[in-house]
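Visitor: Given these sequences and hints, build the entire structure.
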Amino acid sequence: MKVTSLIFFTALAMLANGVSAEGIKVGMITTLSGGGAGLGVDVRDGFMLAIAQSGRNDIEVVIEDDQRKPDIAVQLADKMIQSEKVDVMTGIIWSNLAMAVVPFSVAQGKFYLSPNAGPSALAGKGCHKNYFNVAWQNDNLHEAAGSYANSEGYVNSFILAPNYPAGQDALTGYKRMYSGKLAGEILTKLGQKDYAAEIAQIRASGADSVFFFLPGGMGISFLKQYANSGVDIPLMGPAFSFDQGILQAVGDAALGVVNTSQWNKDIDNPTNMAFVKTFQAKFGRLPSLYASQGFDTANLLISALETAHPDDADAFRAALEAAEFDSTRGSFAFGPNHHPIQNIYAREVIKEGDIYTNKIIGIALENHSDVYAPECSF
Amino acid sequence: MSIILIIEQVLNGLQFGVMLFLMAAGLTLIFGVMGLINLAHGSLYMIGAFAAAVIAGLTGSFILAIIAAMAAAAIVGALVEMVVIRKLYGSDHLDQVLATFALILIFSEGTRWAFGSFPLFLDIPNYLSGPVTLPGGIKYPLYRLILIGVGLFVAAGLGILISKTRIGIQIRAGENDREMIAALGVDISKLYTIIFALGAALAGLAGALVGAIQSVQVGMGEPVLILAFVVIVIGGIGSIKGALIGALLVGLTDTLGGIFLPELLKLFMDTSTAQTSGSALASMAIYILMGVVLIWRPTGLFGARA
Amino acid sequence: MIRESYLNALVLFLLLAVPVWATIIDEPFTITLATRAVIFALAAVGLNIALGLGGLVSLGHAVFFGIGGYAMGILAHHAQTYTPVMSLPFLIEGTKSMPVIWLVAMASSGLAAFAIGTLSLRTTGVYFIMITLAFGQMFYFFTISWPTYGGEDGLSVYVRNEFPGLNTLVPIHFFAICFIILCLVLLLNALIAKSPFGLALNAARQMPKRVQAVGLNPNRLKLLAFVISGVIAGLAGALFADLNRFVSPTMFSWQMSGEIMVFVILGGVGRLCGPVVGAVVFVMLEHFLGGLSEYWHVYLGALLLIVVLFARGGLVGLIVGRVDAHD
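Chains as they are written, first to last, in the working numbering: chain A, 1 to 378; chain B, 379 to 684; chain C, 685 to 1011.
Hints were generated in silico from the structure; no laboratory data involved.
A couple of the hints might just be wrong.
As the list claims (entries may be wrong) - With a straight-line Cα cutoff of 16 Å, these simulated EDC-like cross-link-like pairs (lysine to aspartate or glutamate) come out:
id, chain 1, residue 1, chain 2, residue 2
1, A, Lys282, A, Asp45
2, A, Lys175, A, Glu185
3, A, Lys359, A, Asp266
4, A, Lys25, A, Glu306
5, A, Lys85, A, Glu60
6, A, Lys85, C, Glu711
7, B, Lys568, B, Glu557
8, A, Lys193, B, Glu600
9, A, Lys85, C, Glu978
10, A, Lys359, A, Asp268
11, B, Lys644, A, Glu185
12, A, Lys25, A, Asp312
13, B, Lys517, A, Asp232
14, A, Lys359, A, Glu348
15, A, Lys25, A, Asp311
Guide: This is the structure we're talking about:
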């Protein structure tokens, strides 16, 4: 395994060096301090790992911390465009920050490759020819959960999410695919940490399944309290409450919970195997899906640079659209609105030795795109 | 909506309330005796939770973790009091707000620097997990019942401490007339350090107890801090009794508001609009409660009359 | 030690000179930073009227800042999508004209300041701090869960609004607009401080009983100061939204209120140019320390602590001495 991966990367590096193009500058705005910094750190580490492995020294990456504040992100975008004069931008984790930065940046002729946030506004009417999302459209993982619920024969789901746009979208996404009826629907307070009241309602509702979208610390709290409540209705959710960074803080409470993701560390392809191994060797922790997204984003960029330079915008765009790179997810292609068409898997939380992680148990949605694509025209 | 569900929700509100009380008690004592607004109280809550997570990870003992949480918070509290806070007693509230805001920045980023950005693991021990069946067939998590018990026990203990013991007499005297008790030969700076450490230990206790069912991460203290301020303002600053009543009011309003407001609005509008606006209203409910109380009684329910 | 008026002139001169120099050497981002500092300074000057002159420690000025921002966001959003703001009972169209947006921002934040001030001024001291904080939280949670204008995602405006005769997308033009407004507001502040109203307000802060004895209502004076203060913060909010071409509920967050207060205290409470110095220093720290370390908040915290403990009267007080600090 080690030898093959070595050969593989050397080949990649030779390929990259073979094409001589003038250097490019990438501006990465991501969250490195304050709440939610773990996600930004993973995206950055995954991205920089791919750049280092490519062996290219003509790609300069300027990294800035947005502190998860939209006004700081906008200011940094100004800096990237006005003084750093970058060619390509990337890095933003949160949808609200993406909405603040992306439309303005692409309107100025920059390319933007999103390693995480995929708000519906940028997939539908607000799509742009220079905006590419390498992760997912925000609804995707929720839709997959709805589809998984159907395949398991659930007919009476209880659903909950925080009361903010991404939360409302999550419930909409689930309901779009799910064909049963609802035992209950709750919008919780954003940042809420105590779910005793909601769990009591779930217990009283007679539901046969529970779908929840509670990213970050909210999910940790919910899972621990749910496990402790004695309610044993099966849980489902998108991967955001089950990534590698969070699982260790949840512990046993997460075991057996089914979650949906476009990536997992056991997807069987050489790129992914090599990625998991080198990431773990370099950073001393297992990669999360955010790290895989950062890694794929960088590889997409590198693949496009092999045929064109961003100065030739049309050629570079065509090279990005072709997406000829080896993704950690296996097959990967862009739809007409520059959002991925990909498999979304159902995973189950397991324990490997002392480490909590996920195992793929099936495909929830095959070659899935998003519902906003028809609304998009460049 | 069944009566069992309503009772369960009232218990949830109570449990939330008594945990808020642990935070609010320290704040209100510190303000009452030293006249200090301490925004960094939330950081002590966070330190308690982190200390508990570390000790629980090393020893596997939940009891030791709780003791460590209280000790760590008390020690940090006492140190902060001696190094920084002591210089602020004479200043106006403005300087205190800014200085303790600065302490929040230092503690939060310092903790992140030491422990990284990912949440830590802390869970309740097996012997406390799972539900118990209460009279009437209500299934309720044992741990939450214990939290209610601990909170009420601490409230009673504080009540006795303040009304019956020597240090309690000094505290009450300090609230009434700071200069006088110094003149009477009480070591005022030692008294202040003890009160500050006591408040810090309670915050650390709350952080560890709540951290076990929520998440132990940087920034966990500030939302609780704001709620604790709402509590002491409603109850009347300086009053332990006010803090208890205020905490229970806030706990019940927040919990029951989140459940019943959307249900109530469903009587007037369609389900999804009612859900959205009900939750919006519920998230504002405690602040509305606070506004109403202050407009009705400008120094809170049990505050000293100006 | 130099006189405070010389220092004020020097500060404003430097604040103008740096962006002009940046235009010449083509460093547009420096102008963006300077504009950010000027807008924060404007908000802080607003707070300083309530805080320095009126003694009102408001930890809720983000409310007015946010309302100004949303006034801009909502009007420009409707102009951008060609939909009316409301059609019943009468038609209101969106607009992209800055002066109109400013008027709406000032009127709505003034109205909010009047309502909040009337209720909050029933309390004093810590209770006042806390009730203003509570109003801030109310607005924050409301905007987060209010789907019409984007909720937590906020509202994006793709092109900056228009000002007759200038191209607001050119950084130095937009800077000039903000800078002139700041100077006008500083002038207004100086005039208020010397006016009968300002003197009465000063007296109401220090000894309300005597003011009452001569037949003035101290609470009415304070309310007026609070409203003026809110109007200025609202105007700053509208400009801030235009600088970012974006508004979101974070403009209402209690951290925002805290930061505006930090500008004032860092520079010097009650000093004419204190808030300006505070805002400029803060933006510089944010930029340079933020570039040095991910953990820059630690250094910022330490610096603030030093200012509070050892440099009472803020940076301006440190430079010109405390002679005429509070009479």
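Visitor: Hint numbers the structure violates, sorted upward?
Guide: Violated hint (a single one): 9; every other hint is consistent with the structure.
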